[in-house]
Every structure is written in structure tokens, then in C-alpha cells.
Amino acid sequence: MALGSIVWNPMSSRADALEEYQVKAAFLYHFASFVNWPSSTFNRTNGHFHLCIIGNDPFGKILDSTLRDKKIHEHAIDIHRNPSKASLRQCHLLYVTALRSSQLSRLRNQFDNTSMLTVGENDLFIQHGGMITFFMDNQKVRFAINPDAINKTALKVSSKLLRLAKIVSP
Amino acid sequence: MTHHSKTRHSLLSICERSVRLGIIGLFFCFMGGTAAGESPDVVSNKDLTQLSLEELMSVEVTSVSKKKQKLSESAAAIFVITQEDIRRSGVTSIPEALRMVPGIQVARGSKNQWNISARGFNERFTNKLLVLIDGRTVYNPLFAGVTWETQDTILEDIERIEVIRGPGGALWGVNAVNGVINIITKQAQDTQGFLVSGVGGNEEGIVSMRQGGSHGSDFHYRLFTKYFNRDTSFNAMGAHDDSHMFRSGFRTDWDPAAKDHVMVQGEWYSGDGGQQSTVATTPTFPFGFTTGNEDLEMSGGHFLTRWEHTWNSGSDMALQFFYDRYERDENTVKATIDTFDVDFQHRFGFFSNQELLWGLEYRYWMDDLQNTPGTTVFPDSRSFNVVSGFLQDEITLVPDAFTVTIGTKLSHNDFTGFEYQPSGRFLWKPTDEHSLWGAVSRAVRVPSRLEDNSLLTFPANATTPFPTVIRGNQEFKTEELLAFEVGYRLNTFERLTFDITGFYNQYENVRGTRVISLAPPTGTLENNLEVNTIGMELASDVQVFDWWLIRGAYTYINMTVEGPINTALNTTSRGSPHHQGSLRSLLSLPYKIEFDSWLRISDNIPAPNIAGYIELDLRLGWKPWPNLDLSLVGQNLLDNHHTEAAPSLFLATQPTEVQRSVYGKLTWSY
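Same order as they appear, the protein sequences are chains A and B. Numbering-wise, the numbering used here puts 199 at position 25 of the first sequence, and it's gapless, one number per residue. Numbering-wise, the numbering used here puts 584 at position 592 of the second sequence, and it's gapless, one number per residue.
Don't take each hint at face value.
To be verified - Covered stretches of chain A (chain B as the covering partner; in silico rule of three or more C-beta atoms under 8 Å from a C-beta of chain B):
id, stretch
1, 196 to 206
2, 313 to 327
3, 331 to 343
Said to hold, decoys possible - With a Cα cut of at most 27 Å, we get these calculated DSSO-like pairs of lysine-lysine:
id, chain 1, residue 1, chain 2, residue 2
4, A, Lys259, B, Lys469
5, A, Lys314, A, Lys245
6, B, Lys615, B, Lys584
7, A, Lys326, A, Lys259
8, A, Lys235, B, Lys615
9, B, Lys178, B, Lys469
10, B, Lys326, B, Lys657
11, A, Lys330, A, Lys244
12, A, Lys235, A, Lys314
13, A, Lys244, B, Lys178
14, B, Lys326, B, Lys469
15, A, Lys259, A, Lys314
16, B, Lys326, A, Lys259
17, A, Lys235, B, Lys326
18, A, Lys259, A, Lys334
Keep in mind the hints are simulated off the structure, nothing from the lab. Just so you know, even glycine gets a beta-carbon here, dropped at the ideal spot from N, CA and C.
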């Protein structure tokens, strides 16, 4: 009586997960498209856009299939899951899962990068200095932006993104 | 409350009532559940990046994060062996990989025999462990256990192996008493392209080949074939345990729609394994015995298909069918077993904090045995039906912090009739880093064919100077377990994980023997033992630096047996070491070089006495390019040979000793 798996049920990691995280994956693509990075950040990544995930990856293959053959400002996308400290520095977009939210500040001490967009999954993330976080509103995915956190960096965010976001400060 | 959840609410009450009515009611409950769960597709297979931000914000989604149970969120003693663990450990078989799991006893009996158990009772015919490969139960009804020598696949294609110690009774079946081992292979889309892997050394040679491909973006497949040749190992009396096996199979994964997944797989294997056995040649006392070398033949295969569907509401279901064929021909037993199994499960949430999982399973098997003078099973051909249902409710009392899970399994088998196996669990997660869980469960182990009605003849041995006969018992009852478990897990950011579990198991009606005649010495199997085990299992990972990971495991178990212990007719094994430990170091060095070491320590086994041992495996790996993996591995380096397993209690075959081995391996893919 064990069709699924105990830890990651294949049932849920497949069809099931398409929903919320398929939408979130598309959001990530749009976030990246509405933010401008200093061109120097692409020098150290061979011209590629680095999307990194910290924590137990909730997307699975959805992220890879959503972003397959896509480009961010003409840059090909590389996805890194739980990158090492050295490659963490090169991430353009850092996605931090809910469980790791409270560790954002500790994480940031490990790298010195003033041009990394940080995206999280809960309110806690903003409290710990995160820039964009998802939240659910009536079964719909919404996002909140903390402009203070972004203004400290070299990133430029389009006003359209700010207009659609819920603006928060920690 | 929306209209939708009201529907589910009433559905629940129907379900609750149906449960009281039993399995047939449950099936009725399912029919209703499907209809109520259906709702129109909102998001189909579209490329969602084409939608604007505004459009994305209006898409209704279902939250699934809760269902993806993380390791730190399970209220059970779980350990996961990843593909990376398999690769870096240098193991060449599934049983060897299990040596890194706390609470699992692994003793190699020969090149084609493994004694594997969870939480004690270790012997060749261990019977309280459930093993699944991609959802297919690999269960041998003759002795209620697993023939490990035939369970294999291309190791590179294993996604992970999940091991639960303790009863999985409420969810996992009638022999999940002391543990469940769930072997999961990769989906076909993750094994695209060609892979060839070769192992060559002083003890074994293995060749594996796999070709993966696709048709469109929704259909993926792989074909594979594997052959191994394992050399004779050591025994002072002569070993003759060389083994060869060929297997070939396929797997397809098809996603006809975003919410459906269909998996089909099939496999055939054929091989032989040598052993030294002592078999009776005349059927009456004092019997005549001959001891000699033989080459037993093993072959079999399976076909499995599974359909998984998810509804927009977040509920999901899986329907699975498999057929399995098992053939074995040796001097003591010649058997053919065909198994047919249909399995269904359905999961849905209700109210805001509950998730119900229920399922039904029907299994039919038939066997055909050829009796020999020393091993006779009556009747020599028989068929069986097993019907099982289960129901489990996970209640979240404090979101992300406190959940309670209650469930039960109800099953009917042809030996003992109805059996129930309830369990209750809790998980408390005060912070992200800490979790505490506890469980009380009842589990049963149903009788095997040999226990029910058989006549087994054993030659004279060290403890009894005469040949003895043991008879099966048609009144044989289920062995029962009441298990108490408690565990704590610590998971600090990136650097340290720590997992400790304690358990106390009370077994009743455990298999023992009753002497019914002294001349000739004859006993019958009887449920006359009470066994208590107490134990502790510990696993810890320390990421010392980004390039150095240490993984350790320690197991303590103590077993007490009460009841008439007839040493001459002993059929219950206490063959588990009090202490065992595993310490692995994984070093990722510059120039893509890996240096991995694995130290294993096992205490002596009390009865029958097997000396303890310390062994060391070393692996030097080099991955010059992502598609080429070269390694040089030494296993069991500290001794020329050492004994791990006691002679089997049921078949008079001679275990051999495990030898030092060295091999080189090449894996190439494109």
C-alpha cells in the first residue's frame, strides 16, 4: 500500500505541484525582466543570468521547464540549487524557501553582493531584509516588495513592478 | 465556507460512516470523492511566462507545499539514501548501500545471500520488513520476506532509497512491522541519452547500459540492460558462491495532461548463484543427507503500470497494477510464484487543517512448488487473496508547528482472517531547526507458506547430534507488535543535522518451536515467544567545509526473548549486533577529484556467535568532464576475509566470508 514515496510523494511532486509553483516560476521570470542589473555582474558569469535557490527546492523541474530557452535581457539562464559559497556571490536572483527565510541575514553575511535580487515565500523574509516575497491572497499568488531593501543596491526596478506589488517595509 | 468545501464536508461524513461499514463502504466513498473533487482546469499546459503579470496575479492556484513532506516534517524514523550517496559510497549493489542506514542490519551471507532486517531479528529469511521498488512490493510469501539476491537495477538510475524504521503498518502493508525500504528509480525524463557503466575488479565485473529517449515533450522512455559476474568468496570448507545475473527492462513516463502522469515499466532477469547446501535424500528418520555444491537458478520479471491524477482542489489519486513472476530452482526448494496486485489511493484535504489519505489493495498470488525429501510444503500448489484498506487523517492543530496523524489499516488474508493495524503519531516543530515526534503503533506479520503447513528436515549440527524435523502449524497466528517510538531532529543551516530515535517494541506470538517428540527429534512451529527490543538510532551530518562532508550513523539494539527456547529447534533469530556504526567522509578536492572513505563497525552477534568486525572502504574518484566518472574503490580493506552472517535457520546452506575487494569503475554518458 505504498504507491507514493514517503518523503517526496511523486504524486505531489508532479502533477500536483504544477499549480502554485508553475505560477511562481512564471513570476520569477517576470521579476527578472522588470529589474535591471549592472552589466558588470554578467562579466563574472560568462554573460549568463544566474538564478539560485536556497533550501529544499519547491519547484522541481517546473522551474527548468518554464525557463527553458528563455532569456533575461538577452542573457541565457542558469539555475543553481543550493550553490556553494563561492558561486553564491554570482547569483543575480536568489530564491529563499520558507524554511530558510530567517537565515537570510546570516546568508547575506556570507557574500558581498550589492546587485542580487532576493525573493522569498513569506512575511518573515521581508522582516529579515528580503526584497520581494510571495504571499497568497484568496488562492491567488501575489507579491510584496520592500523598496528600502532594493534601494540600498545597484538594482533598478521598473515602476510597473512596484505598481502591482504590495509595498511593505519591515 | 464556500460551496466547494461544503461538498467535501458532507463527503467526509459519508466517508466516516463508510469506514464503519468496512471496505466496501470505502469504495463507495471513493466514487463520491472523485465526482466532488473534479473542477475545471484553470491552468493547462500553457507557457505561463506568456501571461502578463496582471494575468498571473488572477490565476487561482492550489497550495501544495504542505503535501511535499520534507524529511524534517515526518513523524517517523526516516533516512534517505540519495543517488549521490550511492555514487560516492562505491557500493555495487542495493544491499550494500543499506549499510549506511542506522537501525538497519545488513550481513552478507555470500555472493548471492543477504541478511537484511530493521530493528533486529536479522537472518537470511527475515520476515518483518517490507521492500518496495517503484511501488511494487517485492514479497516472497514462502517465508514472508525478500530475496535480496534478485533485487537489482542500474545503480545510476536510482533516484533515492527511503528507509523507515518502525511499523509503517497503517500505510504500508502486512509485513511492514519493523521497517519499510522504498526504492525509487528516476523518471525516464531524467535518464535521457546513453549511459554505459563498467566495474571490473578482483571480486566482480558489472556492465550496465541504458538508452533514454523521448517522443514529443510528454513521453519519455528508457531501456536498460545489466549483467554481473561475482566471483567465489571464501569459506574454509569451500565457498562455491559465485553468481551471475542478467537483467533487462524499460520504463516509460507519459504526461498526457498537466494533471496526469502514466508510468509503465517492465523487467526480466535470469541468473544463477552457487551455494553449499546439505539436503535430505531419504524422507524418513534418520534420513540420509548429502552435502554438496549446487548452482541454484533464479529468474523472473514484472510489469507495472501506474496512473496518477491531481484535481484542481489539490486532491490526488493513484491507481496501480502490477504482475510479478518469480522462479527459483535449488536442491531444497523449487518454486514458481505469480503475483497480481491492484492498488488505489486517494488523498484530499477537508476543513482547513485536515488531509485524508485512504486506499484499497487487492493482491492475488499463486505458487507452484516442487517438494523434495527434506523440504515439503502442503499443498504443493496454492493460491491466496489479500484485501486491504487503509485510512489516515493528518490533522494540523497549529500550522507549521503541530500535527497529529491517526490511521489504521484493515486487511483480510487467507491464513488468519481480518487484521487491524492502527497507529497514532504527532510532530511538533517549535522552530524551523527543531522537530520532535512520537508514535504508538500496532503492526502484525502474517504467516508464511512454510509456517502454515510444511515439513522441514535439518541435518545434525553443533547443538544437536541428530537430524531434526520441524513441522509447520496450520494454527499459526500473526506475530503482533506494539511499538513506542520517539524522535528528535535538528537541522541547522547548511552545517549540521542530527537525528535521534528511541524505540521500545513489544512482540507477542513470535515464532518459536514446541518439541513434540524426542526420538526422532521433532518440533512444531508455535507462537510461543514474547520478545522485547529496546534501541536507539542516531544519524548526523556535519558539513565541515563546503568541500568536506561527514555522515555518521550509530545503532544500539537489545533484545530479550521469553518462552521455551529450544536451542536445537531455534527458528527465531537474535542475530543482530548490540552496537553498529558507520562513519563516512566525503572530500571534494581540487581538479574534480573526490576522496571518500567509509568506516563500518559491527559488534559481535550474540547467538549464534559471530565475531564483530571493523571494515574500511576507500574511493578515489575523478570527474574530468560532467559526462565521465572514473573511480578506484577498495572495499573491506582491513581483513583478507571476515564473517558477517550466521547459517540460515531454515535452509542448511553454508554462509561464506566477505573478502577484500578492489575495483575500477568507469561511467560514461552522452
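Now the hints, each set against the structure:
For the stretch 196 to 206 of chain A, the proposed coverage by chain B is satisfied: 7 residues have a C-beta within less than 8 Å of a C-beta in that chain, meeting the threshold of three. For the stretch 313 to 327 of chain A, the proposed coverage by chain B is satisfied: 4 residues have a C-beta within less than 8 Å of a C-beta in that chain, meeting the threshold of three. Using a Cβ-Cβ cut-off of 8 Å, 3 residues of the stretch 331 to 343 of chain A lie near chain B, which meets the minimum of three, so the contact claim holds. Of the pairs offered as hints, the one joining Lys259/A and Lys469/B is violated, with about 58 Å between alpha carbons and a cut-off of 27 Å exceeded.
For a cut-off of 27 Å, the pair hint linking Lys314/A to Lys245/A stands: about 26 Å separates their Cα positions. For the proposed pair Lys615/B and Lys584/B, the alpha carbon gap of about 5 Å is at most 27 Å, so the pair holds. A hinted pair counts as satisfied when its Cα atoms are at most 27 Å apart, and Lys326/A with Lys259/A qualifies at roughly 22 Å. Annotation: proposed proximity of Lys235/A to Lys615/B holds, straight-line Cα distance about 25 Å (limit 27 Å).
With a CA separation close to 39 Å, the supplied pair Lys178/B and Lys469/B exceeds the 27 Å bound. Between Lys326/B and Lys657/B, the direct Cα distance comes to roughly 36 Å. Violation of the 27 Å bound is thereby established for this hinted pair. A C-alpha spacing of about 21 Å is found between Lys330/A and Lys244/A, which places the hinted pair at or below 27 Å, so the restraint holds. Using a Cα cut-off of 27 Å, the hinted pair Lys235/A and Lys314/A holds, with the two alpha carbons roughly 22 Å apart.
Taking the CA atoms of Lys244/A and Lys178/B, the gap is near 26 Å; set against the 27 Å cutoff, the hint holds. Proximity of Lys326/B to Lys469/B is assessed by CA-CA distance (about 26 Å); at most 27 Å being required, the pair is judged to hold. Between the alpha carbons of Lys259/A and Lys314/A the distance comes to roughly 34 Å, so the proposed pair goes past 27 Å and is violated. For the given pair, Lys326/B sits about 58 Å from Lys259/A by alpha-carbon distance, which is inconsistent with the 27 Å threshold.
Distance hint between Lys235/A and Lys326/B is unfulfilled; the C-alpha atoms sit about 46 Å from each other, more than 27 Å. With a C-alpha separation of about 33 Å, the suggested pairing of Lys259/A with Lys334/A is violated against the 27 Å cut-off.
Checked against the numbered hints given earlier, this structure breaks hints 4, 9, 10, 15, 16, 17 and 18; the rest are met.
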